[in-house]
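S.K.: Add chains H, X and V to chain P, keeping to what the hints say.
So the protein sequences, as listed, match chains P, H, X and V. First residue of the first sequence? That's 7 in my numbering, and the numbers climb one at a time after it. First residue of the second sequence? That's 7 in my numbering, and the numbers climb one at a time after it. First residue of the third sequence? That's 7 in my numbering, and the numbers climb one at a time after it. First residue of the fourth sequence? That's 7 in my numbering, and the numbers climb one at a time after it.
Calculated directly from the structure, the hints in this document are not laboratory data. Honestly, I wouldn't trust all of these hints.
Given that identical chains are not distinguished, each listed pair holds provided it fits within a single copy or across any two copies.
Subject to a maximum C-alpha distance of 25 Å in a straight line, what follows is the list of computed SDA-like cross-link-like pairs (lysine to any residue) [to be verified]:
no.	residue 1	residue 2
1	Lys-226	Val-39
2	Lys-183	Gly-98
3	Lys-183	Ala-412
4	Lys-244	Leu-202
5	Lys-244	Phe-438
6	Lys-259	Pro-111
7	Lys-16	Leu-206
8	Lys-183	Gly-207
The primary structure of each chain is shown beneath.
Protein chains: 4
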Amino acid sequence: MTDFFRDIPKIRYEGPETENEFAFRHYNPDEVVMGKRMEDHLRFAVAYWHSFAWPGGDPFGGQTFERPWFGDGMALAKIKADVAFEMFDILGAPFFCFHDADARPEGANFAESRRNLEEIVDYFGEKMQTSRTRLLWGTANLFSDRRFMSGAATNPDPEVFAWSAATVKSCMDATMKLRGENYVLWGGREGYETLLNTDLGREAEQAGRFLSMVVDYKHKTGFKGAILIEPKPQEPSKHQYDYDVATVYGFLKRFGLEGEVKVNIEQGHAILAGHSFEHEIALAASLGIFGSIDMNRNDYQSGWDTDQFPNNAPEVTLAYYEILRAGGFTTGGTNFDAKIRRQSLEPEDLILAHVGGMDTCARALKSAAAMLSDGTLERLRAERYAGWDAPEARAMLKSDLASIAAAVEREGIDPQPRSGRQERLENLVNRFV
Amino acid sequence: MTDFFRDIPKIRYEGPETENEFAFRHYNPDEVVMGKRMEDHLRFAVAYWHSFAWPGGDPFGGQTFERPWFGDGMALAKIKADVAFEMFDILGAPFFCFHDADARPEGANFAESRRNLEEIVDYFGEKMQTSRTRLLWGTANLFSDRRFMSGAATNPDPEVFAWSAATVKSCMDATMKLRGENYVLWGGREGYETLLNTDLGREAEQAGRFLSMVVDYKHKTGFKGAILIEPKPQEPSKHQYDYDVATVYGFLKRFGLEGEVKVNIEQGHAILAGHSFEHEIALAASLGIFGSIDMNRNDYQSGWDTDQFPNNAPEVTLAYYEILRAGGFTTGGTNFDAKIRRQSLEPEDLILAHVGGMDTCARALKSAAAMLSDGTLERLRAERYAGWDAPEARAMLKSDLASIAAAVEREGIDPQPRSGRQERLENLVNRFV
Amino acid sequence: MTDFFRDIPKIRYEGPETENEFAFRHYNPDEVVMGKRMEDHLRFAVAYWHSFAWPGGDPFGGQTFERPWFGDGMALAKIKADVAFEMFDILGAPFFCFHDADARPEGANFAESRRNLEEIVDYFGEKMQTSRTRLLWGTANLFSDRRFMSGAATNPDPEVFAWSAATVKSCMDATMKLRGENYVLWGGREGYETLLNTDLGREAEQAGRFLSMVVDYKHKTGFKGAILIEPKPQEPSKHQYDYDVATVYGFLKRFGLEGEVKVNIEQGHAILAGHSFEHEIALAASLGIFGSIDMNRNDYQSGWDTDQFPNNAPEVTLAYYEILRAGGFTTGGTNFDAKIRRQSLEPEDLILAHVGGMDTCARALKSAAAMLSDGTLERLRAERYAGWDAPEARAMLKSDLASIAAAVEREGIDPQPRSGRQERLENLVNRFV
Amino acid sequence: MTDFFRDIPKIRYEGPETENEFAFRHYNPDEVVMGKRMEDHLRFAVAYWHSFAWPGGDPFGGQTFERPWFGDGMALAKIKADVAFEMFDILGAPFFCFHDADARPEGANFAESRRNLEEIVDYFGEKMQTSRTRLLWGTANLFSDRRFMSGAATNPDPEVFAWSAATVKSCMDATMKLRGENYVLWGGREGYETLLNTDLGREAEQAGRFLSMVVDYKHKTGFKGAILIEPKPQEPSKHQYDYDVATVYGFLKRFGLEGEVKVNIEQGHAILAGHSFEHEIALAASLGIFGSIDMNRNDYQSGWDTDQFPNNAPEVTLAYYEILRAGGFTTGGTNFDAKIRRQSLEPEDLILAHVGGMDTCARALKSAAAMLSDGTLERLRAERYAGWDAPEARAMLKSDLASIAAAVEREGIDPQPRSGRQERLENLVNRFV
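If we strip away everything but chain P, and leave its shape as in the complex, we get:
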């Protein structure tokens, strides 16, 4: 045991009335909601990068956090892992997620980095034998090192493609070794800074091949988890290819991968692309590619990725409502891709941020489940489209313009608008949140 979280107790459910900051007020893992334990619904994961690797810098300032494990070398990397698993335990987190670069020391060359990763993965594995925390997903950091500055799979230099492919292989291997349930790709540098030096056609071709190789490797190795792409419109790139769910869908269709790859949707990325989080989830579900979520909160008024912990339960409710409508998570889960503010220096800030986030999600899940169980909203939605269930309407969909035009004149069709009832529906939602 390190002493990093020295005086902080294991967080337990105490109910909404507790004034204990170190307790859950809403998240009660064993509470059954719509026939499933809350823990099994939410499938919370802690993100290794934000909580253990980020130094607190921003574009105008450097490190603010002072962590005993900051620095180089395997020994410190293992202290970091020790602290991480202690935090998982304090929170009762069922899952975590990590990038290679969060966890292992960078080596002098690819092989050494790969061996370092294997060593830390083994260390994780040992810890997981006595922990109940499992791996939700693994991923590769193909954006921080300067070698990726012009892209990973979409780099103009084939050597970077090669390096990236090798890295993904090593991270998929790590994910499999730790029995991860998904493998995620976020293409932070798959895009461009200026169109003037960019060949969109070539880069798309490279990206398509890269993803196909990932899918092939999954099948070859027998990995049972899902392959997930995480959309984001921009930042760090001026334009990122995996802009949003709709764009990723088009990309998957183009390369015949829509049955193989799903999406990991982040609230902040949805917002930056001009969408609500629930839109992106509902759209992915309707396209059959919903996989998992990165839960956080973006400041709507800051045009960059703020990655704050969620705290607005009514808003988060709408996201879980779409997830429940889609049948809930299978391999996916709720990964807190969220970071404490750089002024939040204390170890307990890390814990409290997660407690608050987990409680917000739990509250949202319960509201969403109540709303879905109530059924009014779904009934009203179905009623709104009921006209389309009539045989003549279904027939019209199989018809043609000329026949329809003839019918419109013949029958004197004169459609009458009906209220969309938006405010009524919003009031209805407010009954549950």
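M.R.: Just chains H, X and V, lined up with the frame of chain P:
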């Protein structure tokens, strides 16, 4: 002849030094650029709606323009047409574009509206016999009337679908009668105000069928023009399904229409979706769906569609550069989907706005052509990716993760970043604008 | 009695568990919160314009609502008033607000419009004798008519200034006659479309004089209400002079009016200016110019004024928290400057929208009051600055750079950062919402 | 001489037709424009921080640049200075600007940092004896170190205030020693991350006192330069107090400093605040607080400070037009607060970026001067307001609401709107750019 543009002469090219406001300083229709007349490159079209049907209102104020043709009835509609063709002549505009609702009086029912459209189309036809202005594209207004408030093809009410289908048929018929070169669909109400009352799956299915019917009708009637979708992310809807080029591409792929339908890209809509105009053009070209453009300018700092006339030649140059790289327009052209400000009350404001817009585009075309002819930019782009032309790089693309990973370790691959040269390229562009 | 709201009962408080849509679940006017009746805290007002004058248009579509009072003439204006007071009664709204143009028919000239206003004001006066609804504020519509297209007080044409001044006088007279508690100025056209034709210096001078005349008239007539400016950054203008609270403060200081004029802060306008609603309230309070609020909700992802009814209680809580911290409203109140969506066609949509909005505010008020009564947040805030309460710190503020610099070196001052505790504070807020 | 810019020649003016990348095509320092040498108009400065101190990191990636002077200690700091002055010489830059932290190694305590600054300032002084490059302004970095994470002057901890005051003193001393022409304050951390832990009243009071001390120190030391505040709305803070020019003006008025302090306006900061660059300049000029500019370009579609080099001459023309209208720079100048992209690794990228930026500004200056000399735009502007020059209009401004209202009715005033001529004016501008 009406006397609306009483004292305004036909606009002629007088060269950059002229101080005559009613002359082109850059647009010289017969000047040959890269082997083609400037007029044939740019294929300018005047938009009937903004110039002749818009009363000058905005969300906080009503009509500002006082036009002799405002009001109801066929007689006024014909005066409007007279003025429109006088303006086409003054500008020497080779094309125009219109919606049904811009041109014909609304009837008491569908059949009457359809007959009114036919009458005005005949009137257009007569005028076109003595005019050199042709029809770039026709389209249907499926968004202004209250019947479309909840969508056209995607409406929860099948009767609105029917009305919309009949309307599109009548507008395609009109387009064909006037030998229009394209038919455009903009789905201003194909989207939603609130996800709470919306069934994304049903609405997509309806939209897919609708578009398929349009394509079928094209083939059945032998229409040789292109069917074009115009993307826009939102406004009037909170969310519009044809969000941007990438989204439309995914939609087309989903319904197997990617070989049948192209896009009409608007500068302002690109901006509202978070993209540069040139990005959307380049992307469409790389996906094989580039069709035509709606030229205008959106205020980057107003979050709605400002539809201003373009005036920034360097910016517009980048758009035409991508068009030229893609081989230029075939059936498409440059439609000024732009409106004078509501304070620009005078008839001459209408003319001067178009003169300024046409000059800006002409200047941009010449700069783009010079830049492409010079070849440096394309050479530098190709050099940046030259590594991928090597056989081993091509082979790697057909390879797999494990083989690549082995090679990276075996060969000690260690990619070295190379300058992206963005500022140098921007300086290069500035040599031509 | 009209039959517009035929079957809709008077809305009464039934508590959070009710499933009756036509009941308050949170707003209980007589419930005492922090020593004051909830009604007296919130001081709700209905906005005449959105609910009774707006036809449902948007930039891409026309009228959707069909109201029996739409049309010209005094008789219809009185039916509109009848319906309005019926709605005030159904809702138990203690206040309303109106512009001249919402309420009276436009006359053929200024004098006739003024007389029309007087007639409708008399009619309001009669109705108010049997109603418990009072006037929160009156205002003049100096933006819809084409004569204001280039500004009202800031117009390049002195005749428009004159017309505007005369109009404001008539509206202040009306406000006084109806014992309104405030008079509001929103300068929707006080700004510019293009800087190219604008003289900032002259326009500011005109605006300063105009506002001074308003203040003088207040004093001359003995009006006891507050004069309020409503900030907005843009829309309809490209740039509006009363951009935000800080800008208005600078303007007031410039013309020596900071003791005479306060602000009416709108959520949507705050958002469009890049601020949170609570920021604008807290800033105005700290500058001594907080007056009243226009309550609504802007879609964070639509770059125009969406004027939706509020529905997010945690967000609204932060606004009322700042209002309570500032001592609550005096002459001000909560005006719903909010409109139902244009698809919400039914009379009951109007009622339900207000019920939902009032409940959201009531819930927020109670949360805010509980949080303030609890005191933890304020205690933590005070503790954060406690160092400044030390005499040496206060002395330093009266000192000078050289003395401080000497002390820093002499005393070896080395400040140590302390956690900002943002997540902990957000969790604390979530205990109350 | 270092060999960093080894093969790069001194940049000279070769005229628009040159194809030499290492030449000016528009910037001809000795060319006389409106009676003044171009160099004396533009007063270009190189920013030490971006060009010599920034490692190329972004929020998702670390250092990309490899500079021989990166690292700790005075020896490397002096190599950095050597390279900087070599670049100034290559560019013929008449000015530079720097923060303390850009130039000197950080010491173990305040006194050591201060002495390090003095040593490097002496080194600068020596170099300036043989250089023609002078200091446009100095400034203090009060935002990068973790001690400033919660503010500098507005910090809740008085010790940080003290440290900041001492730092500003040392930087003002340095500026005076190097005969700097201005001293700039940018409050990157003067704002807040969350309103929940912030006392706006206290922080404003602290900021007001801090600025007053700076002004007092200026007077006490006899510094003849201008004190400048640089507005920015947010980033790194969620909200920054010096939001925009109007906000700074209100702050200065509040503390009686409007005659003592001016503004340094940055294009990117203007954009982030929702304004055009020319708006902020024109506003500052009209308020009498225009000082200097930070020239760069912000991507309109990236919601953070992109600090790119300007490349759009028509846009920059509008900025210089307002500067010329305001009489041009006095102590101020054109500081390139712009950085090369992190992929621009080569020493020549640094040079070419400045060459392109200087050429863009030179072109803009010439266009602006031609437009002002032509006089049409100013004549049209004056004509638009001509009605206000009439004695009755001037008298009305001194009148009162009641008298004006009486006159409106008596004289039957009925103002008629006149065209704002926006497109015509935009065409006019395009004659000059």
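S.K.: Work down the list of hints and note, for each, if the structure agrees.
M.R.: Verification of the hints:
1. Lys-226 <-> Val-39: neither (38 Å within a copy, 55 Å between copies)
2. Lys-183 <-> Gly-98: Within one copy only: 22 Å inside a chain, 60 Å across chains, cut-off 25 Å.
3. Lys-183 <-> Ala-412: between (64 Å within a copy, 19 Å between copies)
4. Lys-244 <-> Leu-202: Classified as within: same-chain Cα gap 12 Å, cross-chain 31 Å, threshold 25 Å.
5. Lys-244 <-> Phe-438: Answer is between; shortest inter-copy Cα gap is 24 Å, intra-copy 40 Å.
6. Lys-259 <-> Pro-111: neither (38 Å within a copy, 44 Å between copies)
7. Lys-16 <-> Leu-206: neither (51 Å within a copy, 37 Å between copies)
8. Lys-183 <-> Gly-207: Neither, since 36 Å and 38 Å both go past 25 Å.
Hints 1, 6, 7, 8 from the list above are not met by this structure, while the remaining hints are.
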